Amino acid sequence: MLTTVLSGDFPRSRWLAALLVTVVAGLAAAPFIFPGTRSLDVAARILVFILLAASYDLLLGYTGIVSFAHTMFFGIGGYGVGIAMSKLGPTWSSLAAGSAISLALAVALAFLVGLLSLRVKTIFFAMITLAVASFFQILASQLSDFTGGEDGLNYKLPELFLPGTKFAEATLFGVELSGRLFSYYVLFAGSLALFLVLLRVVNSPFGRVLLSIRENEFRSEAIGYRTVAYRAVANCLGAAVAAAAGILYAIWLRYTGPDTTLSFNIMIDILLMVVIGGMGTMYGSVIGATLFVVAQNYLQDLMKLASNATKGIALLPDLLHPDRWLLWLGVLFVVCVYYFPAGIVGRLRTRKAPPAP
Amino acid sequence: MPEALLSLAGVNTHIGQYHILHGVDLNVPQSGLTMLLGRNGAGKTTALRTVMGLWRASAGSIRLGDNEIHQRATPDIARLGIAYVPENMGIFAGLTVRENLLLAAREHVMDEKRLAWIFELFPAMKKFWNGLAGNLSGGQKQMLAISRAVIERRKLMLIDEPTKGLAPAIITAMIEAFKELKRDSTLLVVEQNFHFARSLGDYVAVMDSGRIVYAGRMAELAADESLQQRLLGLSLDSHQ
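Chains W and D, in that order, give the protein sequences.
So the first sequence is numbered by numbering that gives the first Met the number 0: it starts at 0 and just counts up by one.
So the second sequence is numbered by numbering that gives the first Met the number 0: it starts at 0 and just counts up by one.
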């Protein structure tokens with residue numbers, strides 16, 4: 000059963016298994032363990048970014064494609080829901096239409112970009128995706144009638160998703176059975192299901208060909224694989240999952256704007272999550288995204304505590320001042336990359352496969 | 000000579016501004032092993048790469064059986080039943096031995112009997128089955144490259160310098176393995192080790208300056224020292 004669910008891709012490290020179980024259990028029970036608004040927001044953000052980082056790892060870690068257009072697909076998903084909800088009204092059919100159209104658009108755009116540019120060398124492909132992503136960002140900003148411009152879109156969702164909706168008067172472990180709880184578990188189920196699909200993809204023969212392309216494209220061709228087709232499919236698949244992550248995030252936030260979806264900062268965040276977690280390991284995105292989002296949200300608080308605790312000691316309170324949280328975040332990442340060049344999962348994991356026949 | 004499986008006629012290849020192959024005419028007979036010999040820079044590797052479509056022939060014809068292949072893409076040529084083992088072995092260092100072999104199996108399923116045959120030919124493959132290919136020794140990498148080429152029956156195998164950099168003991172093991180491989184498939188092998196070439200070759204073609212300057216049976220070349228001197232600048236006997 001577990002072999003089927005994980006597609007035979009076990010953590011292969013006790014430490015990693017323990018970390019993964021902790022993260023998944025923590026996220027599954029987040030509304031009950033961390034009922035506060037902020038902590039639930041952080042948990043939801045972790046779920047979205049696990050999916051987004053995993054879909055990016057399919058390109059970068061498994062196929063060797065360096066793309067800077069991943070947030071564009073994330074944005075397409077978010078704006079698909081946002082525009083549909085604000086223009087067509089908060090109904091299930093408009094949510095379905097917005098989601099379907101954005102998924103189709105993301106796949107079509109990924110296919111076009113891939114077809115036009117996957118034949119060129121890595122750096123040129125990266126530049127083309129950067130240009131397309133910038134164009135899309137400008138487009139979202141300029142078409143303010145549709146997208147809300149720089150302010151973005153606030154919208155209502157079907158009633159089930161609204162925080163004010165109560166499913167019962169009773170509470171479960173002291174937590175209200177509200178629309179917010181429903182939204183969170185939709186997000187949890189969606190992210191988990193899509194993550195397992197990605198895990199299946201990378202452990203399939205298709206995933207093995209992607210790895211061979213990452214290793215050496217010409218060798219893969221000499222064996223008989225049309226590498227451009229494989230890269231194009233991987234690009235489309237990555238785009239579709241990124242758009243799905245955008246849809247889920249839009250459902251959670253009930254807001255879509257350039258800062259939450261299309262920003263280049265998000266692209267850098269995803270890149271760091273993948274690198275820190277470990278490229279070419281789906282579990283790396285779980286660890287990378289969790290660490291990154293938690294650090295982004297709680298490092299400042301932690302530093303405030305440390306700064307207060309070290310009052311009276313020369314320099315330390317200033318160094319640990321909460322305003323310097325970005326500096327320490329940077330130091331943390333440099334240390335991570337220095338000590339774990341293959342990422343945390345790469346370091347924890349040893350490559351073991353089934354025994355010889 | 001038996002009917003040709005692979006025929007090159009007037010093949011010219013340019014790499015950038017350099018004209019490497021100057022009208023190569025070569026017939027590789029069906030079944031058996033054809034050795035492609037020649038000095039360094041004669042165009043042997045370029046000839047193999049041109050057959051695989053890795054370099055595009057600027058003129059001439061390349062036929063595999065009844066199929067004209069010189070305008071086809073590399074994956075299509077491979078799918079016609081040609082396996083290519085490049086000089087640098089072409090293994091996927093970041094994947095395991097098992098994953099390397101699975102990649103070469105067309106339906107991603109390996110035939111058990113064939114796998115057992117490969118393990119018999121190259122026991123190291125079984126020993127390091129789950130090990131990373133990048134951690135294998137040079138000889139083991141070569142064995143893996145050849146195993147990958149034979150994991151399915153191919154019409155033709157193109158192998159570039161299989162003994163390059165290998166220890167004499169490994170070369171002896173390779174000779175035995177190639178005797179088996181000859182029974183399974185037609186082989187075109189580029190080689191610098193003349194002892195290896197003479198031990199295995201049924202047919203031979205010699206290249207010089209981008210042209211085939213001799214083609215015939217290996218036994219005839221091996222028996223004629225003056226011909227060896229003229230074509231290769233040395234005697235086969237001096238390289239045993």
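Some hints could be false.
What the hints assert, rightly or not - Pairs of lysine to any residue residues, derived as SDA-like cross-links and limited to a Cα-Cα distance of at most 25 Å, are as follows:
| id | chain 1 | residue 1 | chain 2 | residue 2 |
| --- | --- | --- | --- | --- |
| 1 | W | K120 | D | K125 |
| 2 | D | K125 | W | D8 |
| 3 | D | K112 | W | S203 |
| 4 | D | K154 | D | K126 |
| 5 | W | K86 | W | F160 |
| 6 | D | K125 | W | G7 |
| 7 | D | K125 | W | I137 |
| 8 | W | K120 | D | W54 |
| 9 | D | K125 | W | R225 |
| 10 | D | K154 | W | R225 |
| 11 | D | K126 | W | N202 |
| 12 | D | K125 | W | E214 |
| 13 | D | K125 | W | L210 |
| 14 | W | K120 | D | Y17 |
| 15 | D | K126 | W | K86 |
| 16 | D | K112 | W | G223 |
| 17 | W | K86 | W | I137 |
| 18 | W | K120 | D | R71 |
| 19 | D | K125 | W | K86 |
| 20 | D | K126 | W | R225 |
| 21 | W | K120 | D | S57 |
| 22 | W | K120 | D | H13 |
| 23 | D | K125 | W | F9 |
| 24 | D | K126 | W | F9 |
| 25 | D | K126 | W | I137 |
| 26 | W | K120 | D | N87 |
| 27 | D | K126 | W | L210 |
| 28 | D | K126 | W | S85 |
| 29 | D | K181 | W | G223 |
| 30 | D | K126 | W | I267 |
| 31 | D | K125 | W | S203 |
| 32 | D | K112 | W | F160 |
| 33 | D | K154 | W | G223 |
| 34 | D | K126 | W | P10 |
| 35 | W | K120 | D | E224 |
| 36 | D | K112 | W | L171 |
| 37 | D | K126 | D | N87 |
| 38 | D | K163 | W | F217 |
| 39 | W | K120 | D | D75 |
Hints listed in this document are in silico derivations from the structure and should not be mistaken for laboratory results.
Note that this is a predicted model, so its numbers are computed, not measured.
Okay, the hints, checked on the actual structure:
| no. | hint | in the structure |
| --- | --- | --- |
| 1 | W:K120 / D:K125 | violated (37 Å) |
| 2 | D:K125 / W:D8 | holds (22 Å) |
| 3 | D:K112 / W:S203 | holds (23 Å) |
| 4 | D:K154 / D:K126 | violated (28 Å) |
| 5 | W:K86 / W:F160 | holds (18 Å) |
| 6 | D:K125 / W:G7 | holds (21 Å) |
| 7 | D:K125 / W:I137 | violated (56 Å) |
| 8 | W:K120 / D:W54 | holds (18 Å) |
| 9 | D:K125 / W:R225 | violated (29 Å) |
| 10 | D:K154 / W:R225 | holds (20 Å) |
| 11 | D:K126 / W:N202 | holds (23 Å) |
| 12 | D:K125 / W:E214 | holds (23 Å) |
| 13 | D:K125 / W:L210 | holds (22 Å) |
| 14 | W:K120 / D:Y17 | holds (23 Å) |
| 15 | D:K126 / W:K86 | violated (64 Å) |
| 16 | D:K112 / W:G223 | holds (23 Å) |
| 17 | W:K86 / W:I137 | holds (21 Å) |
| 18 | W:K120 / D:R71 | holds (22 Å) |
| 19 | D:K125 / W:K86 | violated (63 Å) |
| 20 | D:K126 / W:R225 | violated (32 Å) |
| 21 | W:K120 / D:S57 | holds (24 Å) |
| 22 | W:K120 / D:H13 | holds (22 Å) |
| 23 | D:K125 / W:F9 | holds (23 Å) |
| 24 | D:K126 / W:F9 | holds (23 Å) |
| 25 | D:K126 / W:I137 | violated (57 Å) |
| 26 | W:K120 / D:N87 | holds (22 Å) |
| 27 | D:K126 / W:L210 | holds (23 Å) |
| 28 | D:K126 / W:S85 | violated (63 Å) |
| 29 | D:K181 / W:G223 | holds (22 Å) |
| 30 | D:K126 / W:I267 | violated (43 Å) |
| 31 | D:K125 / W:S203 | holds (23 Å) |
| 32 | D:K112 / W:F160 | violated (58 Å) |
| 33 | D:K154 / W:G223 | holds (14 Å) |
| 34 | D:K126 / W:P10 | holds (24 Å) |
| 35 | W:K120 / D:E224 | violated (50 Å) |
| 36 | D:K112 / W:L171 | violated (59 Å) |
| 37 | D:K126 / D:N87 | holds (22 Å) |
| 38 | D:K163 / W:F217 | holds (21 Å) |
| 39 | W:K120 / D:D75 | holds (22 Å) |
When each numbered hint is compared with the structure, violations occur for hints 1, 4, 7, 9, 15, 19, 20, 25, 28, 30, 32, 35, 36.
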